[in-house]
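Engineer: What follows is the residue order along each chain.
2 protein chains.
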Amino acid sequence: MSRAVESDLVERLLDGEHRALARAITKIESQSPGYRDIVSELHAHTGDASVVGITGSPGAGKSTLVDKLAKYYRDQGETVGVIAVDPSSPYTGGAVLGDRIRMASNVGDMDVFFRSMSARGQLGGLSTATADAVKALDAFGKDRIIIETVGAGQNEVDVVKTADTVVVLVQPGSGDDVQMLKAGILEIGDLFVVNKADMEGASRTVAELQEMIHLRDDPRANLDTGHHGADAFDDESADAEASDAPDDPLVWTPQVLETVATTGEGIDELVETLDEHRDYLDASGELAEKARKRAGEEIRQLLRSDVNRLLEAELDRRGGVDEFAEAVVEKETDPYAVAEDVLEPFRECLDGRDD
Amino acid sequence: MSRAVESDLVERLLDGEHRALARAITKIESQSPGYRDIVSELHAHTGDASVVGITGSPGAGKSTLVDKLAKYYRDQGETVGVIAVDPSSPYTGGAVLGDRIRMASNVGDMDVFFRSMSARGQLGGLSTATADAVKALDAFGKDRIIIETVGAGQNEVDVVKTADTVVVLVQPGSGDDVQMLKAGILEIGDLFVVNKADMEGASRTVAELQEMIHLRDDPRANLDTGHHGADAFDDESADAEASDAPDDPLVWTPQVLETVATTGEGIDELVETLDEHRDYLDASGELAEKARKRAGEEIRQLLRSDVNRLLEAELDRRGGVDEFAEAVVEKETDPYAVAEDVLEPFRECLDGRDD
Numbered sequence: 001m002s003r004a005v006e007s008d009l010v011e012r013l014l015d016g017e018h019r020a021l022a023r024a025i026t027k028i029e030s031q032s033p034g035y036r037d038i039v040s041e042l043h044a045h046t047g048d049a050s051v052v053g054i055t056g057s058p059g060a061g062k063s064t065l066v067d068k069l070a071k072y073y074r075d076q077g078e079t080v081g082v083i084a085v086d087p088s089s090p091y092t093g094g095a096v097l098g099d100r101i102r103m104a105s106n107v108g109d110m111d112v113f114f115r116s117m118s119a120r121g122q123l124g125g126l127s128t129a130t131a132d133a134v135k136a137l138d139a140f141g142k143d144r145i146i147i148e149t150v151g152a153g154q155n156e157v158d159v160v161k162t163a164d165t166v167v168v169l170v171q172p173g174s175g176d177d178v179q180m181l182k183a184g185i186l187e188i189g190d191l192f193v194v195n196k197a198d199m200e201g202a203s204r205t206v207a208e209l210q211e212m213i214h215l216r217d218d219p220r221a222n223l224d225t226g227h228h229g230a231d232a233f234d235d236e237s238a239d240a241e242a243s244d245a246p247d248d249p250l251v252w253t254p255q256v257l258e259t260v261a262t263t264g265e266g267i268d269e270l271v272e273t274l275d276e277h278r279d280y281l282d283a284s285g286e287l288a289e290k291a292r293k294r295a296g297e298e299i300r301q302l303l304r305s306d307v308n309r310l311l312e313a314e315l316d317r318r319g320g321v322d323e324f325a326e327a328v329v330e331k332e333t334d335p336y337a338v339a340e341d342v343l344e345p346f347r348e349c350l351d352g353r354d355d
Numbered sequence: 356m357s358r359a360v361e362s363d364l365v366e367r368l369l370d371g372e373h374r375a376l377a378r379a380i381t382k383i384e385s386q387s388p389g390y391r392d393i394v395s396e397l398h399a400h401t402g403d404a405s406v407v408g409i410t411g412s413p414g415a416g417k418s419t420l421v422d423k424l425a426k427y428y429r430d431q432g433e434t435v436g437v438i439a440v441d442p443s444s445p446y447t448g449g450a451v452l453g454d455r456i457r458m459a460s461n462v463g464d465m466d467v468f469f470r471s472m473s474a475r476g477q478l479g480g481l482s483t484a485t486a487d488a489v490k491a492l493d494a495f496g497k498d499r500i501i502i503e504t505v506g507a508g509q510n511e512v513d514v515v516k517t518a519d520t521v522v523v524l525v526q527p528g529s530g531d532d533v534q535m536l537k538a539g540i541l542e543i544g545d546l547f548v549v550n551k552a553d554m555e556g557a558s559r560t561v562a563e564l565q566e567m568i569h570l571r572d573d574p575r576a577n578l579d580t581g582h583h584g585a586d587a588f589d590d591e592s593a594d595a596e597a598s599d600a601p602d603d604p605l606v607w608t609p610q611v612l613e614t615v616a617t618t619g620e621g622i623d624e625l626v627e628t629l630d631e632h633r634d635y636l637d638a639s640g641e642l643a644e645k646a647r648k649r650a651g652e653e654i655r656q657l658l659r660s661d662v663n664r665l666l667e668a669e670l671d672r673r674g675g676v677d678e679f680a681e682a683v684v685e686k687e688t689d690p691y692a693v694a695e696d697v698l699e700p701f702r703e704c705l706d707g708r709d710d
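These protein sequence lines map, in sequence, to chains F and A.
My numbering puts the first residue of the first sequence at 1, with every later residue one more than the last.
My numbering puts the first residue of the second sequence at 356, with every later residue one more than the last.
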């Protein structure tokens, strides 16, 4: 019965009903009963959308850029879905969503579908929910899907890795921003966009980014940190390498672009470079490789959260973790002995099989 | 046989042999075979040490402060163990350890036992290893144990939560540091120490910290963010509350202290306040409550990593995660169906029990 209801929802989603899409994503986000069957059914209909992830510090101009990008695609006759993820906020929907929906309705139709999602305190839950929501948009038939997320922590990195192409938005400034990028987000950026490029210091930020990409992609430069200063003066060769890259469709050197999202300046070049990266992913076989890696990660993530649920149920059946903790404090046992004890039935299950 | 070797190591550790202590911690850090039995055996001998965690940004002066603190305790005739944890470094031992060992030997004996540990890429592995190393030092008989860690990410928070008392070291400055503290570490600080208090801006940093503690501890102030500005002018009442706190042994308001670690200024007041916090923990029953919570967290952490190992073994037995991922990409199945499938033997066996 319930299964039939979900199949109906999936059918209406595949038929292009926006209300069914919205409902499916709500079920995914809240992990409502039956959401797994929905995602399972949708999976077979995915794989056609182009998925771009956009991240950057608060104030870098992400939402303006995303809006302009969405409008650009829309003007080309393509359909667009946007998922704005805020890992630091425990709230969902609300003001941000409301504003963006109004903005979207200015475009004049529902071909730009906006949706915000927020952290739910679950280990890895947000990246799974993002991946599932992307599947819903993909199966629905959106041509372009944009994942927008704030900041550069591990959660954001996990979220943005759901995309095929990762854009890191950087604000021109003192160079502090660029320094912060070293801490994780640099490795995953395919494109770096210096937004607000009309601000003072923009060209310096571009140069700094180019140097960091050079250091990142040249293992010799990376290892030879003693010659850091020399590398900085060696920018010409870095530029030469970078400009060579587009000639070879099997090699991708991260590009640094400049935009002024508020005026739309640089958006066409951004779109073009995004398409170039997509072509590179196709030609090099990395698109397929990324899909495999992502599938493996999704499987592992689901297994971890599912088995943790089994563990919690087993702990409860045995009197709850608090009782064990009390025994540990009283020196009647210790954490390793408890873990051994609680996991014994799990081990037995696996060892006791006939095959 | 192996078990006998480990019992011998434990025995020698409990007899006060520093080499056995060092070897036990090495086994804990590298998760060598038998390390679990060692920690299990040690557990019964723990609970007497006073454990302090110290965290702060690089350059805040952590190691100098820790060295001064260790020397102070040593001069009082107490024994000290220090574990310096660097979650961002994949390396262990090395230069930092070397320097600190030399410093320690200046103290003239082995009553200050220094040890550095680093990240090993394992989920939660570092906080488990830290907790286990603390147990080794505690069982050995160290009176004071100091856990020193860099930064304010989730890993650092997990590591420092192994301690009964958490000290957050702050460098005087533009207030940026204090702003960063909002992101997680503020909630866990029992003491805030503005080190390098002879630097310009120190008193402003102290005032900012006091305001933040006021906002944190007064739920009304927290919710009423519209009156943020007004709260800033309301500092007097915040100070009044803070200075009231020590009178009531059952309430703890985080204290803000000033030190100049290089000269030793403020160390005696820090020691005194640490003892006050310890007394508060004892009197309020929070020490016992913390021990229970920590034991629960240790159990959960071990269960999670152990069950993940079982899962990986099960995945390998079934052909490996890559094969499943390939099938997902080929649309022969989907991640939820795979998770369901791989977990079935666990579910079946747990459900099929007689009790």
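Hints were generated in silico from the structure; no laboratory data involved.
Just so you know, not all the hints are guaranteed correct.
Restricting the straight-line Cα-Cα distance to at most 20 Å, the calculated cross-link-like pairs of lysine to aspartate or glutamate (EDC-like) are [to be verified]: (1) K161/F with E542/A; (2) K645/A with D634/A; (3) K648/A with E78/F; (4) K645/A with D623/A; (5) K648/A with E208/F; (6) K331/F with E641/A.
To list a few chain A residues with every Cβ distance to chain F over 10 Å, as calculated [claimed, not checked]: (7) W607; (8) T617; (9) L665; (10) L666.
Keep in mind the model is a prediction, meaning the values are calculated, not measured.
Backbone N, C-alpha and C define an ideal beta-carbon position, used for all residues, glycine too.
Engineer: Run through the hints listed earlier and report the numbers of any the structure violates, in increasing order.
Structural biologist: 1, 3, 4, 5, 9, 10
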